[in-house]
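Let's have the full structure, built from the sequences with the hints guiding it.
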Amino acid sequence: MENYVVETENLVKTYKLPGEEVKALRGINFSIKEGDFVSIMGPSGSGKTTLMNLLGCLDSPTSGELSILGKNVIDLKEKDISDLRRKNIGFIFQDFYLIPSISALENVEMAMYFARKGVNRKYAISILERVGLGHRLKHLPNKLSGGELQRVAIARALAISPKLLLADEPTGNLDTKNAQDIFNLLKQVNEEHGITILMVTHNTKLGNQCKRVVYMVDGKIQDGDNLS
Amino acid sequence: MKLAILAYKNLNRKKIRTILTIFGVAIAVSVMVILSGFSIGYKKALNNDIDKMGYQVLITAKGCPYEAATLMLKGGGGLVYMSQDIYGKVAYDPRVDKIAPQLMYTVYDDQLQNGKGGFIIYVGVDNSYIDLKPWYKFQVGNWFSDDNADEVIMGYESAELEQRTVGDKIFIPKFNKVLTVVGVFERTGTQDDGLIFIPLKSAQRIFNLSGKLSSIGVKLKDIKNLPDFEKDLYDEASIQVVSMSQVKNTVISLVSTTRTLISSIALVAIFIAVIGVVDTILMSVFERTQEIGVMKAIGATKFDVFRLVWMETIIICLIGGIAGIIIALLGGNMVEYFIRKVLPYAPNGKLMVFNLQLLMLSLFGAIALGLISGVYPAFRASVMKPIKAMRGGE
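Chains W and Y supply the protein sequences, listed in that same order.
Residue 1423 in our numbering sits at position 110 of the first sequence, with consecutive numbering throughout.
Residue 868 in our numbering sits at position 73 of the second sequence, with consecutive numbering throughout.
Derived by calculation from the structure, the hints in this document are not laboratory data.
Heads up, none of these hints are tricks.
Computed Cβ-Cβ distance ranges for the label pairs, DEER-style: (1) W/Lys1451 with Y/Met1129: 40 to 50 Å; (2) Y/Phe1098 with W/Lys1451: 23 to 33 Å; (3) W/Asp1531 with Y/Ile1067: 54 to 64 Å; (4) W/Arg1525 with Y/Leu1166: 45 to 55 Å; (5) W/Lys1451 with Y/Tyr1132: 47 to 57 Å; (6) W/Glu1505 with Y/Phe1098: 28 to 38 Å; (7) Y/Leu815 with W/Ser1439: 39 to 49 Å; (8) Y/Val1178 with W/Asn1385: 20 to 30 Å; (9) Y/Ile814 with W/Glu1333: 47 to 57 Å; (10) W/Thr1375 with Y/Met1078: 34 to 44 Å; (11) W/Thr1327 with Y/Val1178: 22 to 32 Å; (12) W/Ser1439 with Y/Val1178: 33 to 43 Å; (13) W/Lys1390 with Y/Leu815: 40 to 50 Å; (14) W/Ser1376 with Y/Leu815: 46 to 56 Å.
Stretches of chain W that chain Y covers, calculated by requiring three or more beta carbons in the stretch to come under 8 Å of a beta carbon on chain Y: (15) 1367–1379; (16) 1388–1399; (17) 1415–1428.
Computed far set for chain W versus chain Y, every beta-carbon distance over 12 Å: (18) Ile1438; (19) Gly1447; (20) Asn1497; (21) Thr1517.
In this text, a Cβ means the ideal position worked out from N, Cα and C, and glycines have one as well.
What follows is the structure, given as structure tokens:
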């Protein structure tokens, strides 16, 4: 029997703006198997990031069903949702979003602290070494290149040993070579550690290298790739 | 600990802004410390001055009570005199332990201060004076040879100022009288150091004030009898009784205006410091909206964010508090110098007393300032929704 990390059923998200209602997601039926590496591609405004936010429990759906790691998110209290996110979901953002006042190593340790998983310096160093930053441990974010910043962000996400890694355009701010390097790193994480990855990207070359590709247009999944 | 380090490093990001805010807190704390130190020190010095007088009650001729207070503490001119008969009435009162009649007289000497001129205060006393103040010791010389001798004993400062010692002569120009110095007191730390003492009878004779006294110092056997003692003397038409507690209150009321003014300034300084801290931290929270959003996305709880921002405020106020205490300790002497110049009466001894209790209290006060000022910014940060904050739109 296959385990699903993510399952959605007729997932709808509507934003109410003054004088209008924007339907960002119009009924998403979608699932991700454990250990999968899925890319979501599609034009701007198609609902990719909205879907990502719902799957990351950062936002709540207007209607529909959403299950993360077998737990029905709709039924959970806010505190339980936060716990679920904190302990199981790692995030990687296009703009890296590292804490600028502390070093690469401290950024990784902070993530461990917030996830209540215990700060383990040796483990934090080993993760940074794994992403190729063993020589940049004490560097502040403003002393690191774009590629290095994203590697720290990946290390930070891995620090909590997540079951699901959500990457929102992780290569969007990187040059071609760095973008491929970061993608290769994510692929390695997926293959070696079995971490399920969902990556939103505009980069078709990278997106097509994932195990599975999903297209979104106008708040719907286009390719009919339903429960897989 | 992780949060505290992060809070400290966050403050380091905008060094100048942080330093200015800390400076604001430091100023407020130093004003508070100096004000409280002055309050403690002034009372202590005043009590000390009054205790050193050796008597609890002063009987003077009827007049202004403020003048009487000044007279007791400072000495001064324009004195009114009472009849010595009063002394006879009071001296045998069974409640009286010790009693010392005094005749104070001020003489202008145009040769003083290298020809600039100045006042010399002579005090006629008898043996009872030294009974009231048994701790007085002679630097050189001895007590008067006779209770009507043409001799003087000089206070420490007056002897030093005029460079006189035992055997030297003192000339009183207005009365064309020459007196011999027979003794110089050691420093007492009171206004007596600036006086020149003459035997009471000699003073009455030389200054043509026979049968007159300017004041009578009285020490009661039991201080509890003071109200009755005062009441009994109340009917005497020509005199007034001034107790030390009254003098203390009078002097304190004279400086209370100054203290109220400084207190108001201190309150304004604290208010400005609180506003400054709230403003700085709130600004820094808004600048870090996205960062806070991400922190919450990767697991930080409301309480984590609240504590982080609160710690930043407390760090500012703690450092500001320590700096304020250091400023107060270093600047206290300078402030004392200025306060002495503006106060109507400044007692001897240190006017600024900074004890450990005061310093600890000030430090806790500064931390309390941080706790209070940090609540709103910390609350604002903690309730940010991660998704909105990450968009920078909270």
